[in-house]
Structure formats: structure tokens, C-alpha cells
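J.: Numbering (the working numbering), first residue to last: 1 to 562.
The hints are simulated quantities; they were obtained by calculation from the structure and are not laboratory data.
Capping the alpha-carbon separation at 25 Å, the derived lysine to aspartate or glutamate pairs in DMTMM-like fashion look like this:
(1) 28 <-> 13
(2) 369 <-> 305
(3) 316 <-> 350
(4) 183 <-> 197
(5) 434 <-> 386
(6) 111 <-> 139
(7) 111 <-> 150
(8) 264 <-> 365
(9) 255 <-> 290
Ranges of calculated distance between the beta carbons of each label pair, as one might list FRET restraints:
(10) 259 <-> 346: 30 to 36 Å
(11) 395 <-> 473: 39 to 45 Å
(12) 184 <-> 285: 50 to 56 Å
Backbone N, C-alpha and C fix where the C-beta goes; we use that ideal spot for every residue, glycine too.
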Amino acid sequence: MEWLHDLFKRSPEMALFLSLSVGYAIGKIKFGKFQLGGVAGSLLVAVVVSQVGVKVDDGVKAVLFALFIYAVGFESGPQFFSSLGKRSLKEIVLAAFMAVTGLATVIIMAKLCGLDKGLAAGVAAGGLTQSAIIGTAGDAIAKLGLSAAETTRLQGNVAIGYAVTYVFGSFGAIIVCVNILPKFMGRSIRDDAIAAETEMLAGAAALGPDQQAAAPALVGRIYQLTSDPQRTVAGIEYANPETTITIERVKRGGKFIEVGPDLKLQQDDIVLVVGRRDAVVSSAPLMGKELYDVDGMELTMQKREIVLTNKEFDHKTFAQIRDETAGGARHGIFVTQISRMGNALPMKPDTVVQVGDLVSIFGAEQDVKRVSARIGDVIVQSTKTDFVYLGAGLVVGLLVGLLSVKLGDIPLTLGSGGGALLSGLLFGWYRAKKQTFGAVPPGAVQLLKDLGLAGFVVVVGLSSGLQAVETIKQHGLTIFGVGVVVTIVPMIITMLFGRYVLRYDNVATFAGALSGSRSANPAFGEVLDKAENSMPTVPFAITYALANVFLTLLGPLIVALT
Numbered sequence: 001m002e003w004l005h006d007l008f009k010r011s012p013e014m015a016l017f018l019s020l021s022v023g024y025a026i027g028k029i030k031f032g033k034f035q036l037g038g039v040a041g042s043l044l045v046a047v048v049v050s051q052v053g054v055k056v057d058d059g060v061k062a063v064l065f066a067l068f069i070y071a072v073g074f075e076s077g078p079q080f081f082s083s084l085g086k087r088s089l090k091e092i093v094l095a096a097f098m099a100v101t102g103l104a105t106v107i108i109m110a111k112l113c114g115l116d117k118g119l120a121a122g123v124a125a126g127g128l129t130q131s132a133i134i135g136t137a138g139d140a141i142a143k144l145g146l147s148a149a150e151t152t153r154l155q156g157n158v159a160i161g162y163a164v165t166y167v168f169g170s171f172g173a174i175i176v177c178v179n180i181l182p183k184f185m186g187r188s189i190r191d192d193a194i195a196a197e198t199e200m201l202a203g204a205a206a207l208g209p210d211q212q213a214a215a216p217a218l219v220g221r222i223y224q225l226t227s228d229p230q231r232t233v234a235g236i237e238y239a240n241p242e243t244t245i246t247i248e249r250v251k252r253g254g255k256f257i258e259v260g261p262d263l264k265l266q267q268d269d270i271v272l273v274v275g276r277r278d279a280v281v282s283s284a285p286l287m288g289k290e291l292y293d294v295d296g297m298e299l300t301m302q303k304r305e306i307v308l309t310n311k312e313f314d315h316k317t318f319a320q321i322r323d324e325t326a327g328g329a330r331h332g333i334f335v336t337q338i339s340r341m342g343n344a345l346p347m348k349p350d351t352v353v354q355v356g357d358l359v360s361i362f363g364a365e366q367d368v369k370r371v372s373a374r375i376g377d378v379i380v381q382s383t384k385t386d387f388v389y390l391g392a393g394l395v396v397g398l399l400v401g402l403l404s405v406k407l408g409d410i411p412l413t414l415g416s417g418g419g420a421l422l423s424g425l426l427f428g429w430y431r432a433k434k435q436t437f438g439a440v441p442p443g444a445v446q447l448l449k450d451l452g453l454a455g456f457v458v459v460v461g462l463s464s465g466l467q468a469v470e471t472i473k474q475h476g477l478t479i480f481g482v483g484v485v486v487t488i489v490p491m492i493i494t495m496l497f498g499r500y501v502l503r504y505d506n507v508a509t510f511a512g513a514l515s516g517s518r519s520a521n522p523a524f525g526e527v528l529d530k531a532e533n534s535m536p537t538v539p540f541a542i543t544y545a546l547a548n549v550f551l552t553l554l555g556p557l558i559v560a561l562t
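Please work from the sequences and hints to get the whole structure.
T.: Structure below.
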């Protein structure tokens, strides 16, 4: 293995990408219904690769994790702030319950297995994947008044316990959140993620990037008028004010004629009708024979998203706006969705819109341009990332992570991860509010999440895998076994508490909350991968922030109680 050691010494980044590649390949393999997933697979491969001796700078781990957690916050910021309040009470209770259960499990196992204060605190830090416990426990040990040699020994044992148990602490949380929880609740994370997203979208179907409705809401049809309608274009279009259609093109005697509201239609005219499915279907008897292929009747429609800035429409209902813009003002335009801070509003007459809402409209090019100018600012879709906004958000988050306050003698801090998450939430919320700057395309956000998390986990495995294996050889499997119990038991108990007491009934949101209450970032990454949308993020963000505080406080408590 000497040649591998030399190779990875010259190019440690090769070890990182090798672990990612092989790990994700292993993660795709199914063992019955069980599947590791890419993050867990990468962690295991990294531990194996670490045995030849690989050193990766800790700065790489810090950068990758900051990118991951900031992207998570940025994506879910709008939903996070709209979810605060009574609806977040369950997450607060769940995070507190997890911390109490974790504390009780560590103390009981330490008493049963004869672990000293240092090993007990180290097992808690690793088994619960909360590295801050190392610092708070070490400070507490230093204040016990022990001899210098004993203090050093106990503080060293904290690091030993952490090194032995951290790898399974990450891996075990993935097993519980991604494999055990869905089987326990009898549903898949993906199905419940779709259900949660559909509910958030006010009942609209949540479609993936490669999906489309078999029967779209907006349709176009070509008809040949079989009788003399004796009606104008406007007369047909507004025959039913509640179900408007538009006549976009008229062909008469083989020639196209200009369409206007006063144009009187004649028998044998060929017309292109566009509108909502129910309106087009109900208008069919007025038209006549449907045609399927008429030369020159093709029309390209456009969809645009516009930020509502016109104060003329602020705090008015759909019905009021419809009445005020009747006739030509809204001719040919169909509003497909209005959303506020990422949440779709119900398309009902009494729904009130506000400046800052995102309006999605559909229509012919000339109609879209005309109406867009009146509504507000058009969102120009781009594949480019606004690195000014992205970089500023990360800097703010990392600065916040440096702040520290003391609770007695215990220093409390969000750390770089908590700071980046909070900043991502705020910057994502503000971006959703303004929309005209700070673009980070969905593909870029996904790449930051995937590469950031998987890369972070690989660096952890490469850095601590060799030490963990060597420590197990020296100290036996007792510490490792205790770590397994500390990892699994609190999560299982909290899972039961969340299901039967807090009444979580959606697997996707529950998995997000459960992984956050354990500050289990690798598990959360796998949950997101299974969900294929951001629904687990909001509960995760709440419990993750609380877990950073609650679990950090366990260090001195474990030292005092063991």
C-alpha cells in the first residue's frame, strides 16, 4: 500500500474524488429494499481509503460544509420564515426531547460500562455528531480541580471516544432517517415530499423537471365554424365572464385576417381558440367542427414570471382586479399561479394579492409584453449565479458563526455551520422577496448541496477513519458498541415520540426534523436526495439550530453526572 500512500500524499484531492465516485456507485446498489445512498457509501469508502494514510486540510472540510449548509438555507428561506410560530412548536419540542434522551442514554451506558467522564463525553460528541461537546466537556473537566495529569488524561479520552464513535454516529443517523423511519411509517420519503409540496402549492400538482400534465389546464383548439355565428370575436370571448377564452387567429377563404374585438365571424371561418380547458370545452358548441392540422394556425405561447410592483393592484382581490381590467386590458392573458415567498396562493376570487407577489402569466408574445409592463418587473431566467450575493451571504454567515455568548461558564456559538445556515435562510428569504437580483439557479443550488455535503462527509472519513480503526484495536470494541447505542437509541425513542405524541404524519418533514434534532447533516443530505424537493428543509432548519445549542450543553452535564 506504500505506493497508494505516496500517490494520495502527492494528490489528496484524488482520494476525495475517488471516495465520491466509488461511494456513490456503492450507494446505488440495493440489498433487497435497503440502499445505502451516495453519502453513506462515500463515508464508508473514505474510511477504507483512509487506512493507507491520507491527509486532507481541514479548511477543505470547512469550505464544503459552508457551501452545503448555506445552499440548504438559501433554498428554504422563504418557507422557513412563513412556517415560524405555532407550527414550529413541534420542532422545538422534538429537538429538546432528543437532547434529553441523548443525555440519559449516555449516562446510563457510561454507568453500565464503567466509562470515565472523558470517554462518556467523547462518546456523546461522536455518537450524537456534535463536535462542540468536545470543547464544552473539556472546559468542564478542567474546572473539576483534578491533578494536571488526570485532567490531561480525561481530556484525551474525550478525543478518543469521539474518534471511535463519530463515523457510525453519521452512518447510523442515515440508517434511521432514510431506512427505518419510512418502513416504520409505511410510506416513502418521496411520496410524502410530493404530498407536502402539493399542499404548499394550494392543491396544484407538484411536477418534476421531466414531468408534465397529461391533460394541461391551458389548451389550444382549432375549429371550423359550421354555421353563421352572427357574433363578434369579443362576443364569443366574453360570453361567460367566469371562463374566458381568446381567439388568437382567424383564417377566412385561405387568408388570415386581423383579429380584433369587433371582427364579426362568418360560417366556414377557421379559428384558433386558447383558454382554460373547461372554458374551451364548454365553448365548443358555439364553434363547430374541430380540426387538427391547419397550415399557418400554429402559435407559440409564452410563460413569464413577474414580480408585482404596481401599487394599483396592491391588497386587492382577484375579483376586483378582474373587474378593473376587463376587456382589452387583460385580453389573451391567463394567470397560472401567484405565489408569495415560495408558497402558492389559492386561485380564488377573494384571494388578496400584494406588492412583491410572483405572478406567472401565459399568453401570446404581444399580450405577454403588454401585460407584463403593467404588472411589474419580469424575472429574466438565467443560468448564471450572482456571486456578489452568494459571496456576501457566506461572509455574513461565517461572521455570525464567530460570535459567542456565555451561559455561565459555557460558551455558546452557532459555529460556521449554524451561521451559514442562518445567513442562507435570511438571504434566501430576501431574494424571494425582491426576485430581481441575487440569482442562484436551482441547478447551482443543487450542485452546492450535493458536492458540499458529500465532499464534507468524505473529508471526515479520510481524516478520522484511520484513527478510529486504530483506537478500536487499542481499546477494544466496548467504546464503539456504546457509541452505536448512543447513536441509535435516542433516535428511535425520539422517532416514536414524534410519531405518537407530536403526531408527525408526513415522512419527509418528519425525517427532516429528526435529522436536524441530531444535527445529522449526512442523514439530512440523504433525506433531501430521497425527497427530490426541499420539503424536509424547513423542519430541519428549526431543529438543527436548536440542536446546536441543546446538544452543546450536554458536555458539562455529562461531566457532572458521570
